[in-house]
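Peer 1: Each chain, letter by letter, is given below.
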Amino acid sequence: MKIEILGPGCPKCNKLMELTEKVVKEMGISAEISKVDEINDIINYGVMVTPALVIDGEVKVSGRIPPEDELKNWIKK
Amino acid sequence: MNEIYRLFILLSIFLIAYFLPIGNSAFQNALFESLYMLQEYARQHVILCLIPAFFIAGAIANFISQNSVIKYLGPKANKILSYSVASVSGTILAVCSCTVLPIFAGIYKRGAGIGPATAFLYSGPAINVLAIILTARVLGFELGIARALGAIMFSIIIGLCMHLIFGKEQISENSESFKITEDKKESRSLWKTALYFTVMVGILVFANWSKDESLRIWQLIYNCKWYITGILIVVLISMLIVWFRKTELTQWISSTWLFAKQIFPLLFAGVIVAGFLFGRPGHQALIPNEWITKLVGGNSIWANLFASVAGALMYFATLTEVPILQGLIGSGMGKGSALALLLAGPALSLPSMLVIKTIMGTKKTIVYILLVVIMATISGMLFGYLF
Chain A
0 MKIEILGPGC PKCNKLMELT EKVVKEMGIS AEISKVDEIN DIINYGVMVT PALVIDGEVK
60 VSGRIPPEDE LKNWIKK
Chain B
2 MNEIYRLFIL LSIFLIAYFL PIGNSAFQNA LFESLYMLQE YARQHVILCL IPAFFIAGAI
62 ANFISQNSVI KYLGPKANKI LSYSVASVSG TILAVCSCTV LPIFAGIYKR GAGIGPATAF
122 LYSGPAINVL AIILTARVLG FELGIARALG AIMFSIIIGL CMHLIFGKEQ ISENSESFKI
182 TEDKKESRSL WKTALYFTVM VGILVFANWS KDESLRIWQL IYNCKWYITG ILIVVLISML
242 IVWFRKTELT QWISSTWLFA KQIFPLLFAG VIVAGFLFGR PGHQALIPNE WITKLVGGNS
302 IWANLFASVA GALMYFATLT EVPILQGLIG SGMGKGSALA LLLAGPALSL PSMLVIKTIM
362 GTKKTIVYIL LVVIMATISG MLFGYLF
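Protein sequences appear in the order of chains A and B.
Quick note on numbering: our numbering labels position 66 of the first sequence as 65, and the sequence is numbered without any gaps.
Quick note on numbering: our numbering labels position 263 of the second sequence as 264, and the sequence is numbered without any gaps.
So here's chain B without its partners, still in its complex pose:
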């Protein structure tokens, strides 16, 4: 079997080498576009945006107790509270997409039930820190905010709908609540942790401050943004020295590295594919711009519906939705359809649908998928109409 497998690989390499249309100008152009796009990411987004964002994600995974959030999603938790916590807690709980499904299953079977569980399932992937930061940076501030707010609001609506439709079906195994293991004693008071996160977010915000001459204060901040960033970095380093133990710092670095190791290769692969297919904004690559304009241009219901259905079926590795959308928007996709894809895409994919089905059964899964697609379409249209 192994030998046949090797032969197969060798044969595919041979066929690719034999038929690769290297001389074809469209192919060459697409190849160059993918390289340009990769360089653009490497030069513009890695140092100032992605690396600080990864450190923040690593800090969230390490220094914020996830159990302190999860206790609001238990079976006895206040209903209003559990919906609100479920809709925003993705920021803290879902730094990596692989953590979303177990938490969802836990809330559904042992905790607050189907409503908050589906609310979390919908908003989780869309509002994780890395995704919001990169969306705002690459696709524009409005789209980043719209993505976060849209995900939060619509997740509550979807959760409530699921609760209204299926809430009466009690789950027998609901009797025993999930266990929350004892957390180790916090070594810092809350305000220190809060300040530490504020300073890190501050570094990210000021280092990426862009030129805006509409207000004098923005201009003023822009002129001295490097001083502000520098001061904040000094503050951060002194905090690390005074407030943190050495083992905590190594843990922080190691979880940051774990994220980086896992997400960077996928992201750059995504950038290369996006560049190859769609090119940078203003440039055409393999897929003609007219096709994209025809399918998802403008703000018609069909463009939005198509974007949300395509997004729901497709699998996006963490963050890869951003370069793909950048390519699509550059080739003429409407902003509304882009939001529709952002809202339906990371929340659903064919593989995740299958897992969700094993957890809550076919009927509920189909209703959930329909709700997601409809909600994403509506929010896309609204956003396209407003901006």
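Next up, chain A with everything else stripped away, as it sits in the complex:
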């Protein structure tokens, strides 16, 4: 599973990164988490409001930090 966090380095993006790392660790799933912070790359995902979460190329959420249970649901699938 490939998880990407999109965001140019604002505090919210860092918080989403931490949260994702925590959830993945808790669920014991092997996932590759990476950060995309180049604006032109972010735009290529079609995302405008950061932070955004992309799982296997699909944009799951943008513009807010999802609650933990929502995040777990996406990662489970």
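Don't read these hints as lab results, they were simulated from the structure.
The structure presented is a predicted model; accordingly, all values stated were derived computationally and were not measured.
Heads up, none of these hints are tricks.
Below, in silico cross-link-like pairs of lysine-lysine (DSS-like), each with a Cα-Cα straight-line distance of 30 Å or less:
#1 K59(A) to K247(B)
#2 K14(A) to K72(B)
#3 K247(B) to K24(A)
#4 K358(B) to K14(A)
#5 K75(A) to K247(B)
#6 K336(B) to K295(B)
#7 K24(A) to K262(B)
#8 K1(A) to K72(B)
#9 K71(A) to K72(B)
#10 K34(A) to K59(A)
#11 K1(A) to K71(A)
#12 K34(A) to K358(B)
#13 K72(B) to K193(B)
#14 K34(A) to K71(A)
#15 K226(B) to K193(B)
#16 K71(A) to K247(B)
#17 K247(B) to K14(A)
#18 K24(A) to K34(A)
#19 K358(B) to K72(B)
#20 K59(A) to K193(B)
#21 K262(B) to K21(A)
#22 K59(A) to K77(B)
#23 K193(B) to K247(B)
#24 K80(B) to K59(A)
#25 K75(A) to K14(A)
#26 K72(B) to K59(A)
#27 K34(A) to K72(B)
#28 K59(A) to K75(A)
#29 K59(A) to K262(B)
#30 K34(A) to K262(B)
#31 K262(B) to K71(A)
#32 K365(B) to K80(B)
#33 K1(A) to K75(A)
#34 K262(B) to K14(A)
#35 K247(B) to K21(A)
Derived coverage of chain B by chain A (criterion: at least 3 residues anywhere in the stretch with Cβ under 8 Å from a Cβ of chain A; other residues may be distant):
#36 105-117
#37 355-363
Virtual Cβ for every residue (Gly too), placed ideally from N, Cα, C.
Based on the hints, put chain B in the right spot on chain A.
Peer 2: Below, chain B without anything else, positioned relative to chain A:
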């Protein structure tokens, strides 16, 4: 490398300690001015103005769906609508300056195109809620309103100019629209959310109501402002209990705290620097008032041009433009030049110019910068002339 770095830090501390002109009276005076100014902010602006403002900003980030605004900026959106939405949506979308550039890039490459994108880029930083509230509170009501209105009007003009100059160049990657992720179901009806925001703004307005004896009604409101504020706070608390889930409230508090954590330290650093350089209004600190009066006093075209060029180059962390301008105005800067700096400053800085350049190329960036500087100068002169 690490050791050399440590040595360097140690050496700089030593040199500062060795050469610090503590005995110098001008230095002492500037130091005291910065402390006075810090105390003035802490006593007058934090509790009644900044803290409620941060809660409002946190609520905007949490309870207003940003995607509902962004859909008006897509490639198929009505043109007139997209310009108007772009020029005012900074209030909702740009609570923090780091969100402006991705949205700008998105509108430019995937959405409504260069016109609305630059309109948003210009107005966004100037009309975010925190900036307007603090400007109105510290620098005066007229300047706060002029800043918001000026930013909205001129952003449309700049957007249209950019569209007229560069609109024909189609962007190839424009075919695919940006994705808007599904929002979670709203848990409240719209009127409840609207009422909730109205009550919060009401608290902010009435708690800061200042004495004005020109009309009897103002005087009446002033006399019972604490009762009104108290009632509104009770109303707000009952709303929170009845309408909101517990998780929503923790999210609200946490995003408010996120803003506060990020912005307060910068703001107070800005206050200290402003106090050290310019002093409180009516007091002189390190930089002589005559210099400031000479450069940006009065309302000449040069004063306004200088203010907007300086503002365009300088980087202001969110809100720090306010104490710096307070110091400058107190030292003799004209109100027009102050507005010019407010309009050019937060919208542009050397670092943001570089990012904008990577998004739309050198030529467009230069034209955009020129437009911003010219517009800021003109609006500064107009404002200085009128008030």
